[in-house]
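Asker: Which chain is which? The protein sequence lines are A and B, in order.
The working numbering puts the first residue of the first sequence at 2, with every later residue one more than the last.
The working numbering puts the first residue of the second sequence at 1332, with every later residue one more than the last.
Derived from the structure by calculation, the hints contain no laboratory data.
Careful: at least some of the hints might be erroneous.
[Claimed, not checked] The list that follows gives simulated cross-link-like pairs (lysine to aspartate or glutamate, EDC-like), each with its CA atoms no further than 16 Å apart: (1) A:Lys107 / A:Asp63; (2) B:Lys1374 / A:Asp88; (3) B:Lys1344 / B:Asp1438; (4) A:Lys56 / B:Glu1377; (5) A:Lys48 / B:Glu1377.
Keep in mind it's a predicted model, so treat the numbers as computed, not measured.
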Amino acid sequence: QSALTQPPSASGSPGQSVTISCTGTSSDVGGYNYVSWYQQHPGKAPKLMIYEVSKRPSGVPDRFSGSKSGNTASLTVSGLQAEDEADYYCNSYAGSNNVIFGGGTKLTVL
Amino acid sequence: EVQLVQSGAEVKKPGESLKISCKGAGYSFNSYWIGWVRQMPGKGLEWMGIIYPYDSDTKYSPSFQGQVTISADKSISTAYLQWSSLKASDTAIYYCVRYLGAHKVFDFWGQGALVTVSS
């Protein structure tokens, strides 16, 4: 199975909003409301930011939000801050106890 | 506080075997799926598989089925990832993760273990 499709890079200035897309198929993103997003700073382990498309774990700022339309999920970071600069990965359930990740997006805060 | 503490970095030669570990603490280890995620140098995340320590039920990604073995010892709250014959292409960071089956999400991550396979 192929990885979910994410843009390799995204950028925005401090205070702006940026949206990262994650495109799959009707067998994964489009078929289930089980999309999650992870933030990874260089040299660190990934951290859960969004699960079940739009839910935030405790401690994640509400500047981070998620949504889905058809086979494409999106992560929006509002009010960009310097510490938001990181790699972001989407993940989706794909049935039969299988999950797949996106290729990752490097977010740069200009 | 939930913690997943992984064993240290390893340097191995092609053809050698290896078993790395991940010890869970701060939660009921037997009651949560625990799994492994690979990250090759400069690349993205890949899900390898998960195990339910209570009964050792194991699920593998099709990409990793037959390539690795995932196991767990619930008596010491530890999960393992094992290779019988390493290849240079196994060089990567391996993260253990706690998996919430009801939500299909990896909610806690270990610190990662770098495995280097080189002759």
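Asker: Identify every previously stated hint that the structure contradicts and give their numbers, smallest first.
Answerer: 1, 3, 4
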